[in-house]
Each structure stands twice: as structure tokens, then as C-alpha cells.
Amino acid sequence: MITYRKGNSVLIQPNGQLDLDGGMALRHKLTEVICDRHDLCIVDLTDVEFIDSAGLTALIHGLNLALENRCRLTLHNPHPSVKLVFEITRLDQVFEIVESTDLEKGFSATPERILNSVPLASAA
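In full-length UniProt numbering, the protein residues as written are 1 to 124.
The set of hints was computed from the structure by calculation and includes no laboratory data.
This list has only true hints and no planted wrong ones.
The calculated lysine to aspartate or glutamate pairs, modelled on EDC-like cross-linking and capped at a C-alpha distance of 16 Å, are: (1) Lys-83 to Glu-96; (2) Lys-6 to Asp-39; (3) Lys-83 to Asp-52; (4) Lys-83 to Glu-99; (5) Lys-6 to Asp-36; (6) Lys-83 to Asp-47; (7) Lys-83 to Glu-49; (8) Lys-29 to Asp-19.
If you anchor each label on the Cβ, the simulated ranges turn out as follows: (9) Asn-64 to Asp-19: 16 to 22 Å; (10) Gly-7 to Ser-81: 29 to 35 Å; (11) Ser-53 to Asn-8: 27 to 33 Å; (12) Ile-88 to Cys-35: 29 to 35 Å; (13) Asp-36 to Thr-89: 25 to 31 Å; (14) Glu-87 to His-61: 19 to 25 Å; (15) Ser-81 to Lys-6: 28 to 34 Å; (16) Gly-7 to Asp-52: 29 to 35 Å; (17) Ile-60 to Ser-81: 17 to 23 Å; (18) Asn-8 to Ile-88: 31 to 37 Å; (19) Thr-31 to Leu-91: 15 to 21 Å.
In this text, a Cβ means the ideal position worked out from N, Cα and C, and glycines have one as well.
Can you build the whole structure from these sequences, using the hints too?
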């Protein structure tokens, strides 16, 4: 899992599977960065090909923690199979999910471009 920081923003890039092991790692990372008082936490799901209940639980934990700490949590570019899980569980109605045109498969955009592409002000 790769993490980039810029100012009060952080980008987390998990990869592979967000199952029991991957979900726990993501949960710890989200807890760490959100408790560091960042204003924006971007989770780039481009390279996540599978998510189960453990991965969803980690993201829900992160969202709850973000709300408590006034941090905006966004999910970027979920793989089609991952996006389907969000739609089936209706969590696509809970999370802010962004299909960013700056991110191409294989992650060709620089972390700085991603961090700069999301405005800090929440859309009303």
C-alpha cells in the first residue's frame, strides 16, 4: 500500500485484494492518516480487483472516523467488479466515489496531480 502526502491531503493506493489481510492493513492506514488531522483523504481503488466484507468494513470505519475528525474521504476509480459490490450493497450512496479522468489504468498520473484534482471544499 502506497501513501503520498501533500499539505493537509493524503492519497492512499491499496492494491490487489481488500480481503481480511488487505482490509486490516487499509483500516490501520486510514486510522493513522485520519487521526493525523488531514482535511482530505483520497483512496485510489484503481489497482484493487477484489473487495469483500472485510474491505468494506475497513472503508466504513475510515468514513466514520473521517466524519468524526472533519476529514473528507473520497474513493477514486474503483475497478468494475469493486464498483459492482458498492452498487449491490448500496454503499455507492454512502461514499463519495469519483471516476477521475486524470487517473488511467496503470496509474499514469502523478500523486500530486491526483491530490490537486480534488477541491478541499465539499460539494453542497
